[in-house]
Structures are given as C-alpha cells and as structure tokens.
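Take the sequences, apply the hints, and build the full model.
Heads up: the protein sequence lines correspond to chains A and B, in order. All letters in the first sequence, in the order written, are residues 564 to 763 by the working numbering. All letters in the second sequence, in the order written, are residues 564 to 763 by the working numbering.
Treat the hints with care, as some may be off.
Unchecked claim - In silico negatives: residues of chain B with every beta carbon more than 10 Å from chain A:
| no. | residue |
| --- | --- |
| 1 | Arg595 |
| 2 | Glu624 |
| 3 | Lys642 |
| 4 | Gly666 |
| 5 | Ala691 |
| 6 | Gln694 |
| 7 | Leu700 |
| 8 | Glu715 |
What the hints assert, rightly or not - Calculated pairs, DSSO-like style, for lysine-lysine (alpha carbon to alpha carbon, straight line, at most 27 Å):
| no. | chain 1 | residue 1 | chain 2 | residue 2 |
| --- | --- | --- | --- | --- |
| 9 | A | Lys721 | B | Lys642 |
| 10 | A | Lys609 | B | Lys609 |
| 11 | A | Lys730 | B | Lys642 |
| 12 | A | Lys622 | B | Lys622 |
| 13 | B | Lys592 | A | Lys730 |
Just so you know, the hints here were simulated from the structure itself, not pulled from any lab data. The beta-carbon is built from N, C-alpha and C at its ideal position, and this holds for glycine as well.
Protein chains: 2
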Amino acid sequence: MSNPIVFYFDFSSPYSYLAGELIDALAAKYGRTVDWRPMLLGAIFKVTGSVPLVQIPVKGEYSLRDFSRSARFHNLPFKFPEKFPLAALSAARAYYWLFEQDGDLARRFAQAVFRAYWVDGRDISDLAVVQDIAAKLGIDQDALAEAVAKPEIKERLKQETDGAIAKGIFGAPYLIVDGEPFWGVDRLPQLEQWLKTGGF
Amino acid sequence: MSNPIVFYFDFSSPYSYLAGELIDALAAKYGRTVDWRPMLLGAIFKVTGSVPLVQIPVKGEYSLRDFSRSARFHNLPFKFPEKFPLAALSAARAYYWLFEQDGDLARRFAQAVFRAYWVDGRDISDLAVVQDIAAKLGIDQDALAEAVAKPEIKERLKQETDGAIAKGIFGAPYLIVDGEPFWGVDRLPQLEQWLKTGGF
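Below, the structure written as structure tokens:
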C-alpha cells in the first residue's frame, strides 16, 4: 500500500481551495489517497513573520488577479470573498472531530467549507455558518458546536499546526509525497511527475 | 503582427534562468517573439522591501530544493552558484548596448550569461567574466568594457528598472502578454493558455 499524500491547508487560503478541488482525483490516478490536514496559517505566519499575500504592497494586487485566473485555468468557480482574511477555527476543529468518526465525511465537509467561502462568499469564521454547512451533509449541528468547544479538539488543531511548523511548513497548500514537499497549487504538475516516476 | 511577449528578468534570478530557456520556443509556437528586458531586482526589492527568497527563514531552504527540482522538471541543467546573490550590473548593461546593435546577438548573449551563472557557477558580477562570455560570441571585449562604463548605458538600465517598478513589477521572471502579467516560471502553462485562447 502506497503512502497517502499529506495535504496541509488552511480553509482561508485561495490556492488551498484550488488544490482541494484537484488533489483527490490526481492522487487516485496514481493509486494514492490523500490525508487532508487543516492547519492555521495565521499561527504559522506569526512564527515566520509573514502576512497574507494580498496585504503585500504591489504583489497583493497581482495576487488577486492570479487567484481568479488560476481558478479559470483549472475551470473552477471562484469569487474573492468580502471578508478576508479570516481564521477558520471552528471549521478546522470540526474537521478533526469528524475525521475521528468518518474520514470520508470529514473530507466532504472540508470541500463544502472551501466552496462556501471561495465560491459563495460565506463567512466561515462564523460557527453558525459552519453548522449550516455541516447540517447539509447530515451532520448534527448541536454535536458539532459542542465538539469544537472541547479542549481536546482545540488541542488537536493546535498540535496539527505546531506539527506543520515543526516540519518547516511556511505556507499553504503544502503537500508531501513520500517525504518530498510541494508548496502551492502551481506545484501539482511537479507532484504528478513525482507520483508518475517515483521521484526525479 | 502580434505583440511581442515582454520578458522582464534579472540574471541573478534562478527562475528567470529557467524561463529564459523556455520562453522563446513557447512564443514561437504561437507566432510570437520575445522582448528580453533585464532589470535589477535589487533595486526593485529596495522599493518593495523584499529580500531574495533564499534569505527568508524556512522558505529559503524549501526554495533551494524547489530551484533544482524545477530545473529537473524542465530537463534543464542547474547548479546553485557559490556566489549568491549578486548584482549583474555589467551583464545587464552590456545586454542593452548589444540590443541597440543586434537584437538576436543580445538575446544569445543573455542566454550565455544565464548559463554561465546557473550552470557553470561563474561570477557574472565580474566584468572580466562578462567580457569572456561575450568574446565567445564574437563580441569585442574592449568595446563592451567601454560601453558598460558609459553614462547613457547606465541610464538605460536604470530607466528599464524604473519602468518595471512603474508597471508594478515586484519579482522575476515577469512576463507580459498583451497587457496580461504573469509572474514566475510556474505561470508558463497559464501564459501558454493565454496565447492559445487569446485570454481566458
């Protein structure tokens, strides 16, 4: 059995959304599965001293154009949300709560969160919005609200983020194939070549 | 006649070297020519407050791996030079001096400078090295040394760099197709799609 592709992401990262729409099919093509791991880019940026791309003078304006164009290039719907940046704490915590119960459901929830934010412009930092997204997948809203308030779930997300920092992860999406790191949705062609050839 | 693709680059940028190896053939495939324009990334970084990628903590280490892997992905030779970063002032000035006389020779000189640095690890900030590279293309070494010391050639490079800053260029390679900007060698697939479809 091949190792899964580890996919670190933040729900509030536009390139992570694009990677999330593409990575499962790409992995399946080479008999791989994907281990989805939300993390908090805000915590990582505090360590590295980075800021969200759109806040960087000059480069920020280009980035906005590049987000949309990259989405069109991949034939994916995209609309830059009114509220940005935001911390998708509840959504990330809910992901790990679901993951403990049902990995497939957790992944479908993650994709639904991405689309709610990056296509429909919903405020995914709002617990009520996250509950509504979950409810549409048949997930119990009250159980979700209770779960994301629990210390062990909060700790789980913190550990995943700390683990990402310890691995040298500085941005998102960040994908790891058999120990080889690939940063950015624009590295999927190299990642595919890696899967195809076993390293190059 | 279609507009040329404008290719802004710095000789000391590894991704610019890769783009320089790929862009002419890509352009020719769609009946386009390429307008090569060296600029000084150091001057741009002073304005934007950026630093060379390899100097950024954590991201720098990933970048070194990514430079090499990106070269292998494109089947291009690559060796990270001992002397980095450097300011390729004489080479960039010599380019514009040659360009005034013979555009094709200037482009061949630019490619030779890129390879001298990114494949052979030569110190292209040294005028003697630049003269040697030029001599191999039949260019007069003494005339080159004289030219790059002239105020009008120095001013030309300064104007090109200032022009790049005025256009909002913040990094290299930076390519413009009919007004549409593409930053990075990893945007060549989108640039190609743009050439193919006339915009998407």
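So, going through the hints one by one against the coordinates:
no.: 1; hint: Arg595; in the structure: holds (19 Å)
no.: 2; hint: Glu624; in the structure: violated (7 Å)
no.: 3; hint: Lys642; in the structure: holds (17 Å)
no.: 4; hint: Gly666; in the structure: holds (28 Å)
no.: 5; hint: Ala691; in the structure: holds (36 Å)
no.: 6; hint: Gln694; in the structure: holds (35 Å)
no.: 7; hint: Leu700; in the structure: holds (33 Å)
no.: 8; hint: Glu715; in the structure: holds (29 Å)
no.: 9; hint: Lys721/A <-> Lys642/B; in the structure: violated (39 Å)
no.: 10; hint: Lys609/A <-> Lys609/B; in the structure: holds (24 Å)
no.: 11; hint: Lys730/A <-> Lys642/B; in the structure: holds (25 Å)
no.: 12; hint: Lys622/A <-> Lys622/B; in the structure: holds (17 Å)
no.: 13; hint: Lys592/B <-> Lys730/A; in the structure: violated (42 Å)
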